[in-house]
Amino acid sequence: MKVLVAVKRVIDYNVKIRVKADHTDVDLTNVKMAMNPFCEIAVEEAVRLKEKGVATEVVAVTIGPKAAQEQLRTALALGADRAVHVETEERVESLAAAKLLAKVVEEEQPNLVILGKQAIDTDNNQTGQMLAALAGLPQGTFASEVVVEGDKVQVTREIDGGLQTVELSLPAIVTTDLRLNEPRYAKLPDIMKAKKKPLDVKSPADYGVEVASRLTLLKVESPAERKGGIKVGSVDELVDKLKNEAKVL
Amino acid sequence: MSILVLAEHHDGQLAGATAHVVAAAQAIGGDIDILVAGENVGAVAEAAAKLDGVSKVRVADHAVYAHQLAEPLGALLVELAGDYSHLLAAASTTGKNVLPRVAALKDVSQISEIVEVVDADTFKRPIYAGNAIATVKSDDILKVITVRSTGFDAVSEGGSASIESVDTVVENSQSHFIKQELAQSDRPELAGAKVVISGGRGMGSGENFKLLDGIADKLGAAIGASRAAVDAGFVPNDMQVGQTGKIVAPELYIAVGISGAIQHLAGMKDSKVIVAINKDEEAPIFQVADYGLVGDLFELLPELESKL
Ligand SMILES: Cc1cc2nc3c(=O)[nH]c(=O)nc-3n(C[C@H](O)[C@H](O)[C@H](O)COP(=O)(O)OP(=O)(O)OC[C@H]3O[C@@H](n4cnc5c(N)ncnc54)[C@H](O)[C@@H]3O)c2cc1C
Ligand SMILES: Nc1ncnc2c1ncn2[C@@H]1O[C@H](COP(=O)(O)O)[C@@H](O)[C@H]1O
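Chains U and B are the protein sequences, given in the same order.
Quick note: the first sequence uses this note's numbering, first residue 1, plus one each step.
Quick note: the second sequence uses this note's numbering, first residue 1001, plus one each step.
In case anyone wonders, no lab produced these hints; they're calculated from the structure.
A portion of the hints provided could be inaccurate.
What the hints assert, rightly or not - Just a few of them, taken from the derived set where beta-carbon distance is under 8 Å, the chain U residues facing chain B:
#1 17
#2 21
#3 22
#4 26
#5 28
#6 31
#7 33
#8 34
#9 121
#10 124
#11 125
#12 188
#13 190
#14 191
#15 218
Said to hold, decoys possible - SDA-like, lysine to any residue: derived pairs with alpha carbons at most 20 Å apart:
#16 1124/B to 226/U
#17 1124/B to 214/U
#18 1124/B to 234/U
#19 1307/B to 20/U
#20 227/U to 1259/B
#21 32/U to 48/U
#22 16/U to 1215/B
#23 1179/B to 1236/B
#24 227/U to 1307/B
#25 103/U to 1067/B
#26 1124/B to 91/U
#27 1179/B to 1249/B
#28 1106/B to 187/U
#29 103/U to 228/U
#30 1307/B to 103/U
#31 1272/B to 79/U
#32 241/U to 1305/B
#33 187/U to 48/U
#34 243/U to 1303/B
#35 1307/B to 234/U
#36 219/U to 1067/B
#37 1218/B to 1302/B
#38 2/U to 171/U
#39 1050/B to 1162/B
#40 1194/B to 1251/B
Heads up, the beta-carbon is just placed ideally off N, CA and C, and yes, glycines get one too.
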């Protein structure tokens, strides 16, 4: 069985972003970039399926600028067998990403596609669902457990009230939640080996997909800053402040 | 303009989130219909018909829509969407699961978690864990939008919309519901609670979360948690507050043994008053707290409970 994993290059999750002075966007110059944390979980799940003998091949795919090759090399170092880079310098919205991924799915015919539930830059939480719709495949989003059995996959999903388990016919689309697994770190020898693994470079035009933005970003602002408050010295003082100053008790 | 709102419901009851989504629809302006899709949802439809500003409630009551599986629910919405300029749902796990499917099949963008309506085409939404607010404009003929409840005050109940049934039944052989384990709690829902008290890794164990119970009882509070507390297995996933968990904005938020990572702050920093209890006086949570109390939670929580 073949597993396709979609990985996105995003700002490192530890970095606190700044908004550009002209309010056109956030400022990403010289900011540390990394693989989206939910995509790390997606790669880990695919690699574990391979280690269990369920998957035979893991293909990593990204859509993004030249530099996004770094994230594909990371995926290869973590255990993916080969990679596809759809290279574009444009800002790619979730719908365009899903259209391109649908083309890759058509070409690669994977049995399972694993994506992150959400990219931590746009916080969109859309691409996997859009891909499922476009490819006509069932979806198991926000997965905390994935069990492949024959031509079916059982996905346990983190939903608002707790957990829900659904059974999907393969091929299917899965998006990862935080509790699915704990991703490993790439080891140095694997990072070296990853440099020799195959990596195909394509363009959106190769797939006949238009990536131009549909939404106009009019403005990006900083949120209202919270002013730090005070430290209270005791529980009595806290209760007094909440009652008489904040008036929330 | 005509707007279709997908009703959020659980256990045969209309969820509070729907009244917030209708408020967002009112801010856009136009005729507002609500779609209730599910099985045995007559009571949900009646509750939805009482929401202010709603013209019509459309009810698709069929086993195929039970459990809100994305494939049939998405197909139903695609069928109905042609009548509308806007399709809105709560930014709940149901809304997030299904709306992107509809957008993709209609070849339009989806706009996630709006917190403000600027005009019928223009919306504000947080990006980068709420560290920036983007204003985005859509020229699509259909706007598909999820709404963050905390951005809109719920509409009240005084309406009497008409109720009509939708007969569309879609086929679904691709996905099957197997089971659901829902957390049982007598406490208010996290999303709608006036007071929230959350525990983090500092709580040390699931057993110790009991220290929050007495306080929550006295304050009528919901109990939340940080990701670290959920990952450690102290409490179930549905209690996670943050960028990738629940977003809350209560009158009072009390963070106990939580350091204040940006991903946690993303879920609670719009609370009116924030209290932090942490033994590390350098913890970043104190930078957003109105009232910080430095000390050991195991001593402070029992004292707080006794003094409330
Ligand atoms: C993609 C991604 C998404 C994420 N999403 C979320 C999210 O939605 N929500 C979320 O919360 N996190 C999220 N995180 C995790 C986040 O980065 C932090 O790791 C997490 O919030 C830390 O939880 P914590 O504050 O409980 O633990 P810690 O950071 O370990 O802090 C524990 C705190 O408890 C204090 N403490 C310990 N013992 C005591 C005591 N006896 N008395 C008083 N204080 C004590 C310590 O001083 C410390 O400040 C996400 C991370 C990633 C990468
Ligand atoms: N440009 C991209 N390249 C590859 N995968 C992507 C891209 N954008 C989104 N994805 C995938 O879709 C997931 C959810 O992203 P989003 O819907 O944009 O929040 C990510 O975790 C990735 O797995």
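Status of each hint after checking the structure:
The criterion of a C-beta within 8 Å of any C-beta in chain B is met by residue 17/U, whose closest approach is roughly 5 Å, and the hint holds. A hinted interface residue such as residue 21/U counts as satisfied when its beta carbon comes closer than 8 Å to some beta carbon of chain B; here the least separation is about 13 Å, so the hint is violated. Look at residue 22/U: its Cβ only gets to about 13 Å from chain B, farther than 8 Å, so that hint breaks. Because the beta carbon of residue 26/U sits about 5 Å from the nearest beta carbon in chain B, less than 8 Å, this interface hint is met.
Contact between residue 28/U and chain B, as hinted, is not supported at the beta carbon level, the nearest pair being about 10 Å apart and thus beyond 8 Å. Hint on residue 31/U is violated. Least Cβ distance to chain B is approximately 11 Å, over the 8 Å limit. Residue-level restraint check for residue 33/U is violated (minimum Cβ-Cβ distance to chain B is 13 Å; threshold 8 Å). Proximity of residue 34/U to chain B is violated relative to the hint, the smallest CB-CB distance being about 14 Å (cut-off 8 Å).
Because the smallest distance between the Cβ of residue 121/U and any Cβ of chain B comes to about 6 Å, under 8 Å, the interface hint for this residue holds. With a least beta-carbon distance of about 5 Å to chain B, the hint placing residue 124/U at the interface is held under the 8 Å criterion. Checking residue 125/U against chain B: minimum C-beta separation of about 5 Å stays under 8 Å; hint holds. The interface hint given for residue 188/U is broken, as the beta carbon of that residue sits about 27 Å from the closest beta carbon of chain B, more than 8 Å.
Using the Cβ-Cβ criterion of 8 Å, the hint placing residue 190/U at the interface with chain B is not satisfied: the shortest such distance is roughly 25 Å. For the restraint placing residue 191/U at the interface with chain B, the shortest Cβ-Cβ distance is roughly 27 Å, beyond the 8 Å limit, so the hint is violated. The interface hint given for residue 218/U holds, since its Cβ lies 4 Å from the closest Cβ of chain B, which is under the 8 Å cut-off. Restraint check for residue 1124/B and residue 226/U: the C-alpha separation of about 19 Å stays at or below 20 Å, so the hint holds.
Of the pairs offered as hints, the one joining residue 1124/B and residue 214/U holds, with about 16 Å between alpha carbons and a cut-off of 20 Å not exceeded. With a CA separation close to 40 Å, the supplied pair residue 1124/B and residue 234/U exceeds the 20 Å bound. Between the alpha carbons of residue 1307/B and residue 20/U the distance comes to roughly 47 Å, so the proposed pair goes past 20 Å and is violated. As the CA atoms of residue 227/U and residue 1259/B are separated by approximately 17 Å, the hinted pair is consistent with the 20 Å bound.
A hinted pair counts as satisfied when its Cα atoms are at most 20 Å apart, and residue 32/U with residue 48/U does not qualify at roughly 28 Å. With a C-alpha separation of about 33 Å, the suggested pairing of residue 16/U with residue 1215/B is violated against the 20 Å cut-off. This hinted pair checks out: residue 1179/B and residue 1236/B have alpha carbons roughly 16 Å apart, not beyond 20 Å. Between residue 227/U and residue 1307/B the alpha-carbon distance is near 27 Å, which puts this suggested pair outside the 20 Å criterion.
Distance restraint check for residue 103/U and residue 1067/B: the Cα-Cα separation of roughly 30 Å exceeds the 20 Å cut-off, and the hinted pair is therefore not satisfied. A hinted pair counts as satisfied when its Cα atoms are at most 20 Å apart, and residue 1124/B with residue 91/U qualifies at roughly 19 Å. Simply put, residue 1179/B and residue 1249/B have alpha-carbon atoms about 31 Å apart, too far for the 20 Å limit, and the pair is violated. Using a Cα cut-off of 20 Å, the hinted pair residue 1106/B and residue 187/U is violated, with the two alpha carbons roughly 44 Å apart.
Between residue 103/U and residue 228/U, the direct Cα distance comes to roughly 49 Å. Violation of the 20 Å bound is thereby established for this hinted pair. Annotation: proposed proximity of residue 1307/B to residue 103/U is violated, straight-line Cα distance about 62 Å (limit 20 Å). Between the alpha carbons of residue 1272/B and residue 79/U the distance comes to roughly 46 Å, so the proposed pair goes past 20 Å and is violated. Between residue 241/U and residue 1305/B the alpha-carbon distance is near 16 Å, which keeps this suggested pair within the 20 Å criterion.
For the suggested pair residue 187/U and residue 48/U, the alpha carbons sit about 16 Å apart, so the restraint of at most 20 Å is met. Among the hinted pairs, residue 243/U with residue 1303/B is consistent with the structure: their alpha-carbon atoms are about 16 Å apart, no more than 20 Å. For the suggested pair residue 1307/B and residue 234/U, the alpha carbons sit about 11 Å apart, so the restraint of at most 20 Å is met. Distance hint between residue 219/U and residue 1067/B is unfulfilled; the C-alpha atoms sit about 38 Å from each other, more than 20 Å.
For the hint pairing residue 1218/B with residue 1302/B, the CA-to-CA distance comes to about 12 Å; that is within 20 Å, so the pair holds. Simply put, residue 2/U and residue 171/U have alpha-carbon atoms about 10 Å apart, close enough for the 20 Å limit, and the pair holds. Taking the CA atoms of residue 1050/B and residue 1162/B, the gap is about 10 Å. The hint holds against a cut of 20 Å. With a C-alpha separation of about 5 Å, the suggested pairing of residue 1194/B with residue 1251/B holds against the 20 Å cut-off.
In the structure shown, a violation is registered for the earlier hints numbered 2, 3, 5, 6, 7, 8, 12, 13, 14, 18, 19, 21, 22, 24, 25, 27, 28, 29, 30, 31 and 36, in ascending order.
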